[in-house]
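Student: Now for the letters of each chain:
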Amino acid sequence: MTTQATRVPAQRDGDLAAEGLSVGYRSRDGLTQVLADVSVRLRSGRILGLAGESGSGKSTLALSMLGYRVSGQETLAGRIDFDGRDLDRASIKDLRKVWGARLAYLPQDTATSLNPALTIRRHFIEGLRRHQGLDTEEAVRRSVEWLGRVEIPEPETALHKYPHQFSGGQQQRIALALALSVEPEVLILDEPTTGLDVVTQAHVNRLIVALARDAGIAALYVSHNLALLATVCDELAIMYAGQIVEQGVAAEVYAAPRHPYTAALIGAVPTIASDRALHGIPGIPRPSVPVHVCGFADRCGFRTEACDTDIPLVTLAEVRSARCVRLDELPPFDPAAEPAPATAVARSSATVDKDADTILTVHRVGVVFSRPGSGEPFVAVDDVSVRVPAGRALGIAGESGSGKSTLLRSIAGLVRPATGTITYRGKELAGLAGDRPVALRRSIQIVFQNPDATLNPRHTVYQSLERPLKLFRPDIARRDRRDAVAAMMRQVRLSPDLLDRFPRHLSGGQRQRVAIGRALLAEPEVLLCDEVTSALDVSVQASILELLVGLQADRELTVVFVTHDLGVLRAVADEAIILQNGVIRESGPTARLLRTPQHPYTMELIAAVPSPERSAEFLGGGS
Amino acid sequence: MTQTVEQVGRPPVRRAPRRLPYLVRQLITLLVTLFAITIVIFGLTAIAGDPARDILGQYATDAQVTAFQQIHGLDQPIVVRYLEWLGGIFRGDLGISYQSNGPVWDVISPRLGPSIVLVLFSWLLTVVISVPIGLYSGVRLRGHRDAAVTFVTLIVAAFPEFVLGLILAIVLGVWLAWLPVDSTAVSMGGLFDSPSAYVLPGITIALGTIPYIIRLMRANAREVASETYVRAAVLRGVTEPSLSLRHILPNAAPPVVTALGLQFAGLIGGVVVAETLFGFPGMGQLLAQSAASRDAPVVEALALMIGAVFVVANLAADAIVVYVTPKLRDAVR
Ligand SMILES: Nc1ncnc2c1ncn2[C@@H]1O[C@H](COP(=O)(O)OP(=O)(O)OP(=O)(O)O)[C@@H](O)[C@H]1O
Ligand code: SF4
Ligand SMILES: [Mg+2]
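Read top to bottom, the protein sequences are chains A and B. Note that the first sequence ends on residue 605 in my numbering; no numbers are left out. Note that the second sequence ends on residue 336 in my numbering; no numbers are left out.
No lab work stands behind these hints, which were simulated from the structure alone. As the structure is a prediction and not an experimental result, all values here were calculated from the model. Heads up, the beta-carbon is just placed ideally off N, CA and C, and yes, glycines get one too. Any given hint could turn out to be false.
Among the chain B residues that face chain A by a calculated CB cut under 10 angstroms, a handful are [stated by the list, open to error]: (1) Arg28; (2) Asp65; (3) Ala66; (4) Ala236; (5) Thr242.
Using 35 angstroms as the maximum straight-line C-alpha spacing, the simulated DSBU-like pairs for lysine-lysine come out as follows [unchecked claim]: (6) A:Lys75 - A:Lys143; (7) A:Lys452 - A:Lys409; (8) A:Lys143 - B:Lys330; (9) A:Lys452 - B:Lys330; (10) A:Lys79 - A:Lys143.
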């Protein structure tokens, strides 16, 4: 993309490697080991992807590789090799010489990686003066150059602004420029694009890859998004419960995983390319590293007695290894196959009934907000008309700010449309839910992205689930409520034992199931879902989507599902609409829409979806 | 795109009310608060009842009492008295002291300078001591040394100001004899002729607020130090003192600035105690004396001044917080 003439190709033995690293956190309850025997090597000019579920130890490894220890963190074994030195035992004085000079780090959740009290200029010149020995004038010149390179408009003006004056994507690009401006040899990226918009995400990723390759940087790219890593990285390491369970060339690992966990993870990734059913991974990851047993054993469908031992990492080829005792016996990976413990529900397109009754009609709805500060009205939803057939799933997709949630919220009666009408079974709905009759409120239920916003932290699961019964179900006698609630728990695949727990005792996926169960207890006809899986891990997301698809089919529920993820859209929705700036750009059956998009905006969205099969296209496109 | 909605006939959008500039809004708040303060102060002294008997003594004749009431307007209805008092304030007339029978201003004015110097001195002392200690212990100290700081601040905070003052007076004034225990000297000569007389009352007042500010600064600095952007700065190679002063302090300061504004009230409470204790001829001492002798006009005037200082200090703190926080600075524009 940009050829960087300023760089002098110094002799760089700048490989950074973790060798047999084991790490634990010490707390009042003792020591919890979170990394066990981890060996990875970052090579110059190459990007290593590190994937794994939340809590598997990715961030811990990322920081450990820099020689950084958070309080309570202890290294139990192994070393961090950099130029023949062990960074883990290096003095803080030595570390300060390499931090930000030869080793650069981009933290998880970038919105918080820039200091809100300092200008962009201050962020840049600090490091450039210290590590590159530049004077202020030279440092400013270099900063402007880098801001331009990451495509920040008007770099000179941008220097004098504060971080909050930029969008999330811009902040992320500034942080990237900041890390690269000191011309490091190693770059550690911890979920650098999580939380960004799909299109922005794709853009930032292209920049990262181009700049890192260009400068011959050795990079570690941490993400829970396996498809993204397979697209962006050269090599891929899969982490589970603090161990690397599989490692190899990215494309090979993704196309032909050898470890059952890798295979399960790939089966959980929604894809826009095929009708492949999504499979959740049953069970939950173990909280600490395994001892004398395979870490994945609790959730593995291939477990035998042979697995109850310490499993070594088996080298399969030059850059390929996996940690499983049954590698030779396992069937080859087949993405369409049912996982060993059958849990998956496929979205069957055969059930699509051409002339289903229309249950909801959105007619020329417009929603206008007045922007705080300026009196300028802001059109969030602009003259949108949609017909939702009964018992089907409609997906609404688009970038953030495209108005998809607002449209959903106007159907739910949470925002009042400025114009247009919404009809339910032929009857016009009042603008606000409060003005709608109870029966109607009961029939249309909504589930949000963040279950914590809906579940009262002071109420037990039972109390939360009992509420819709009290409000909407006088037909269920008080003494039968507990049974009804327990039955619902089983439907959303939660153990009724959890009923007396508080939300904080549940995992994010479990909380989201409770929220869905709560909405379903009202016996709605229409379930509105607003990004219900975007805060969850892929494997949990897959099981929630499975659940929704199953429930929708069983109960002939009508679902309106808002998502920014086209893979998720493909997995749940029969029909879809694509929104941009509050306007419908395209609509139609989901599969057709994604296969043969007509509108340039839909094409742009599809191009932004990382796809290992079209890696070169993804990395080359857009700029 | 906008046109489509126009065609459907978008109803008029309710506009956000136009906001006044930040400073104007602050000024309006100031005036309203001050007005409320005048009502409270006047109400409270009125509730305390008729002071004529207390002041003239039990042997005064009824005629003397009536004359006193007439001179001071106490025979008027309370609303009239309040309005006259309020009108007087605008004209710069604070009324007539019951005790000296002269203008209240003449009673207060010689004490104004020393008290202002005393309060500023103790306030600066608070800032200079608490902010560095709080910042350092929040960012750098862990374990026993951190616990020690907390322990000492708790001990100091547990003592009432007059006990602290007495201890200081005994140690520094009597045993070591470094400082004068009696601050009467301030009333003689110029404002800065006897600087040592300010020290003991100044320290006493400051000690009332220092533990609180240290703990607040420490807690905030610790929280900010654990932010991702601070970790990111460390991993960019930023070292002390730049890390603490540039990266942590500006983000940890706002609540402390607000508290330092609020602490003006705490300081003034301490001023009454410390001035009385050390015989410091300031407004605090006068307030105590006037309250005891039921000299309502003087008490009212002093209370109003103290209230005004308190309100102004708070608003100034607010304004500073807004000024040092880039995000807020943009929001108030
Ligand atoms: N400072 C800490 N003290 C104690 N335990 C910790 C600490 N930080 C992380 N852990 C634990 O270590 C394990 C690994 O955490 P880590 O943050 O490395 O996971 P991760 O893979 O980055 O997860 P995510 O995808 O959610 O970012 C988790 O069980 C976590 O609870
Ligand atoms: S070792 Fe056993 S339990 Fe572990 S992944 Fe392999 S087959 Fe499954
Ligand atoms: Mg992490």
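Student: State the violated hints by number, sorted upward, taking the hints as numbered earlier in the document.
Tutor: When the structure is compared with the hints, numbers 1, 2, 3 and 9 turn out to be violated.
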